[in-house]
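If you read the sequences in order, they're chains A and B. For the first sequence, the working numbering begins at 1 and goes up steadily by one. For the second sequence, the working numbering begins at 1 and goes up steadily by one.
Hints in this document: simulated from the structure, not taken from any laboratory. Hints are supplied without guarantee of correctness; some may be wrong.
Far from chain A, by Cβ distances over 10 Å, these chain B residues were calculated [said to hold, decoys possible]: (1) ASP4; (2) MET21; (3) ASN52; (4) LEU75; (5) PRO143; (6) PRO151; (7) TRP184; (8) LYS227; (9) TYR232; (10) THR240.
Partner residues aside, some chain B positions facing chain A, computed with beta carbon under 10 Å [what the hints assert, rightly or not]: (11) PHE17; (12) ILE136; (13) TRP157; (14) ARG194; (15) PHE213; (16) VAL215; (17) TRP224; (18) GLN226; (19) LEU243; (20) ILE248; (21) HIS254; (22) ARG258.
No residue lacks a Cβ here, since even glycine has one placed at the ideal position from N, Cα and C.
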Amino acid sequence: MTCPVCQKMCPEGSQFCGHCGAALDTPDEFRRWLVAEVARLLAGKNCGRCGQATCAENAKAIVDGRSSYRSCVEADPATQARIRNLLERQAPPTLPWRSRLWQALTSVRLAVGVIVALLLLLAVGTLIPQNAQAFAYIQRYGLDGYRWIDRLQLDRLFRSWYFLALLVVLSINTICCTLKRSSVSARLLMRPMPTHTPEEISRLDYAVSLSQGPLAPAEALGRVATLLEQNHFHCAREGQGLKAHKNRFGRLGVDTLHISLVLILLGAAAGGMSHFEDFWIAHAGDVYNVPQKDFSVRVDKLWSQDYADSGRVKDWYTTLTVLEQDKAVLTRQIQVNQPLTYRGTNFYQASFGSDWQNKGTFSITVHTTDGAELGPYVLTSHGNVFLPENGLEISALTFMPDFAIDEQRRTYYNRSAQLNNPGLLVRVQKTDGSSYTTWAFTNSDMQQFYQTRLSAKTPYQVRMIGITAAQFTGLHVVSNPALPVIYAGFSLLGLGVFLNFYWAPRWVWVQLARGTVYVGATGRDGREFAAGFQQLVEALKVQLPAADSGVKTEQKELTYASG
Amino acid sequence: MPLDSPFFFYLTTVGYFLAFMCYLLNAIAGKSVTAAETAGAHALEIALPRENHWGRWATRFLEGSLVLSTLGIVLRTIALSKISGWLMPLPITNTYETLAFFSWAIPLAYWGFERHYRMKALGIFSTGIAFVLITIASSPLVPQEVTPLVPALQSYWLVAHVLFTLAGEALFSVGFAAGAIVLWRAWQGASWPRLKRLDEISYRAVALGFPLFTVGGLVFGAIWAQKAWGRYWSWDPKETWMLISWLIYALYLHVRVRWDWKGQQAAWLIVAGYLATVFTWFGVNYVLSGLHSYN
Chain A
1 MTCPVCQKMC
11 PEGSQFCGHC
21 GAALDTPDEF
31 RRWLVAEVAR
41 LLAGKNCGRC
51 GQATCAENAK
61 AIVDGRSSYR
71 SCVEADPATQ
81 ARIRNLLERQ
91 APPTLPWRSR
101 LWQALTSVRL
111 AVGVIVALLL
121 LLAVGTLIPQ
131 NAQAFAYIQR
141 YGLDGYRWID
151 RLQLDRLFRS
161 WYFLALLVVL
171 SINTICCTLK
181 RSSVSARLLM
191 RPMPTHTPEE
201 ISRLDYAVSL
211 SQGPLAPAEA
221 LGRVATLLEQ
231 NHFHCAREGQ
241 GLKAHKNRFG
251 RLGVDTLHIS
261 LVLILLGAAA
271 GGMSHFEDFW
281 IAHAGDVYNV
291 PQKDFSVRVD
301 KLWSQDYADS
311 GRVKDWYTTL
321 TVLEQDKAVL
331 TRQIQVNQPL
341 TYRGTNFYQA
351 SFGSDWQNKG
361 TFSITVHTTD
371 GAELGPYVLT
381 SHGNVFLPEN
391 GLEISALTFM
401 PDFAIDEQRR
411 TYYNRSAQLN
421 NPGLLVRVQK
431 TDGSSYTTWA
441 FTNSDMQQFY
451 QTRLSAKTPY
461 QVRMIGITAA
471 QFTGLHVVSN
481 PALPVIYAGF
491 SLLGLGVFLN
501 FYWAPRWVWV
511 QLARGTVYVG
521 ATGRDGREFA
531 AGFQQLVEAL
541 KVQLPAADSG
551 VKTEQKELTY
561 ASG
Chain B
1 MPLDSPFFFY
11 LTTVGYFLAF
21 MCYLLNAIAG
31 KSVTAAETAG
41 AHALEIALPR
51 ENHWGRWATR
61 FLEGSLVLST
71 LGIVLRTIAL
81 SKISGWLMPL
91 PITNTYETLA
101 FFSWAIPLAY
111 WGFERHYRMK
121 ALGIFSTGIA
131 FVLITIASSP
141 LVPQEVTPLV
151 PALQSYWLVA
161 HVLFTLAGEA
171 LFSVGFAAGA
181 IVLWRAWQGA
191 SWPRLKRLDE
201 ISYRAVALGF
211 PLFTVGGLVF
221 GAIWAQKAWG
231 RYWSWDPKET
241 WMLISWLIYA
251 LYLHVRVRWD
261 WKGQQAAWLI
271 VAGYLATVFT
281 WFGVNYVLSG
291 LHSYN
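The shape of chain A in the complex, shown without the other chains:
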């Protein structure tokens, strides 16, 4: 059965909710519906011959079992039978569609369904590489496979309409659950703890009755209160009893957690629409105009630092100056993990290196077939040199820092960004217009190998004798106006899990009657408090001398029914 106050599931037949301590009877909504239905069948004359003042009163009495279904003298047997049928109902009839929709949207079933669907999609999204080029999929899955991948948007799964729709459903589900739960949580926080009689206390989830022993009632209660306070309970004395609670705000944990998830999802959606991202390969002196902002950023200095003993990269640094209307307003040194943030735009140090493709300088020599060496000449990336006396023009095409040969495909490729085997592809063009391309290497063995094995005989060989390149700094430029929402969401997420899992609320009631101390307790989740309550009882037994003689520990075996 479900608790009408906090909506949690309680053991079948229990009289108090193990989660919030509310008294359980027929669920409110259903009872109200029953009373209304019974009242409709009664004559409505308010004659009072049934023993109740009004028909409405009698309807309540009938539903609560204080009055018979035959109590109305005006009702004919058919009406009486209908009243009896109503009373035998276990659940209300079909609810109006709005209530049903609300139930569906707030159901755990929906949450579980969405989570399972998400799990499957997420797994698929990691098994199929995302955002790759079409040919990569065709190579891997064949043409038909790629057609299906494209049709089902599996190559961009995390942006696909069905994935986003699932996130929307999850958000709606979470929002609805939070609305439903948090109103109850707020009510429970505001509401003072109810007072329970000794009989009610002994029916709570955790209950024990101990002998008061030779102690005076005030003394016994005082000792119990001290013990509870030592265990961080807030205690209030009330007549011959005590009411104590702790970690009340733990109840808000789930709500906080759910709100935080909604915030993160909303922040992600807002960020997806408004965020800006760019990758800037910059050299010393370069200026970047930040789009839609009236400021720009200049690179002053860039350098890389290695660890002293291993030669591994320690960090990359760039000094940036922010310019507003060509006036320097801020200069900041950034490094990996320490970006520059200016008016919502962030500059992250992402990479560093020598810009061989665009800022390379290559010294070359040219060798004729008869062994003469010409040069050296200096070539820059995409540049060319003229050798007027030989009628030649040599231009730089492509540079590979780590030239390698793919034996199977008989092609050349660049193995890494390391300067392991630098090779430069050059075009040699004669004045008559004929031209050919050839590779130039710094490694003479490589050059030899290339000339004898890989290349056809050419009238001129080109060799490289020196290379340098200007350094570049790779800056990731990002602005995301929704970031504060995301951070707020993350903070609440941390707070929520902490409250929910490490701050479990507990309620304890104590009543003194007939020389017996009745102690009863509930926790948020019945089973979580078992060990804690046992410890409390053990400590109580020490505090109340001679208590052992009359101990009657009642530990209920909880049976839950799903619902």
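Chain A is already provided as a structure; the job is to place chain B on it using the hints.
Chain B in isolation, oriented as in the chain A frame:
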């Protein structure tokens, strides 16, 4: 042999192996005691199995190995901070260090549960896995030298990210051990009262680990990613698998609290969640590629 961290980790391979054998013998000896009893044994006795001397030795070996492991971790931290010139980096920057770290954290989490619940059945798994991990780490397959931190890893957010995530996973491994034993015993036909305590332990372990895992994996991980890459989330396979593990545990907590799933049903989810975390931690590095390839 120098008294450095690998030396102490070598010693723990022996320690964890001895502890594992003792836990195993403890379980076998304990079983023969319960088998000798009649079918009318009550739940209380099953919950508190009669301790034999194997159990006592198991705990001693476990505690001794934990001391050695702790020493190893401390020495490694010192070595790493010396070479990186950076205060307090955690030794969790490459495969060797994470293996060693887990071989410390998993039995440590278990040790807490053993003290609290007085139950030694889970020790077989926890010391067994610690033994396997530290043996793999100490083998020639894994390079052991201390390497200075690459730029992206020099962040206190990373320390918080990995520390909390691994602490959560260490607790999950206790939950997994309990869940796996529930499944095993249920398959053997054990009745619910015999499984109840294990079921409770598995729930407690997950409930304790989930906040750490959430804060470490999701929150600190995202903040670090934002600081290092400018993106708090980029659907990188490791992130995605972390989210998958998190969602499985979230699912477990929902069905446990709201639908009251217990015993086998719940144990299957715990096992699935743990396998997903293991895949996140290990499998993704070798099977899928992404930003997190710092092995």
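Here's how the hints hold up against the structure:
{"no.": "1", "hint": "ASP4", "verdict": "16 Å, holds"}
{"no.": "2", "hint": "MET21", "verdict": "31 Å, holds"}
{"no.": "3", "hint": "ASN52", "verdict": "25 Å, holds"}
{"no.": "4", "hint": "LEU75", "verdict": "19 Å, holds"}
{"no.": "5", "hint": "PRO143", "verdict": "13 Å, holds"}
{"no.": "6", "hint": "PRO151", "verdict": "4 Å, violated"}
{"no.": "7", "hint": "TRP184", "verdict": "22 Å, holds"}
{"no.": "8", "hint": "LYS227", "verdict": "5 Å, violated"}
{"no.": "9", "hint": "TYR232", "verdict": "6 Å, violated"}
{"no.": "10", "hint": "THR240", "verdict": "5 Å, violated"}
{"no.": "11", "hint": "PHE17", "verdict": "33 Å, violated"}
{"no.": "12", "hint": "ILE136", "verdict": "24 Å, violated"}
{"no.": "13", "hint": "TRP157", "verdict": "8 Å, holds"}
{"no.": "14", "hint": "ARG194", "verdict": "14 Å, violated"}
{"no.": "15", "hint": "PHE213", "verdict": "9 Å, holds"}
{"no.": "16", "hint": "VAL215", "verdict": "5 Å, holds"}
{"no.": "17", "hint": "TRP224", "verdict": "8 Å, holds"}
{"no.": "18", "hint": "GLN226", "verdict": "7 Å, holds"}
{"no.": "19", "hint": "LEU243", "verdict": "6 Å, holds"}
{"no.": "20", "hint": "ILE248", "verdict": "7 Å, holds"}
{"no.": "21", "hint": "HIS254", "verdict": "6 Å, holds"}
{"no.": "22", "hint": "ARG258", "verdict": "4 Å, holds"}
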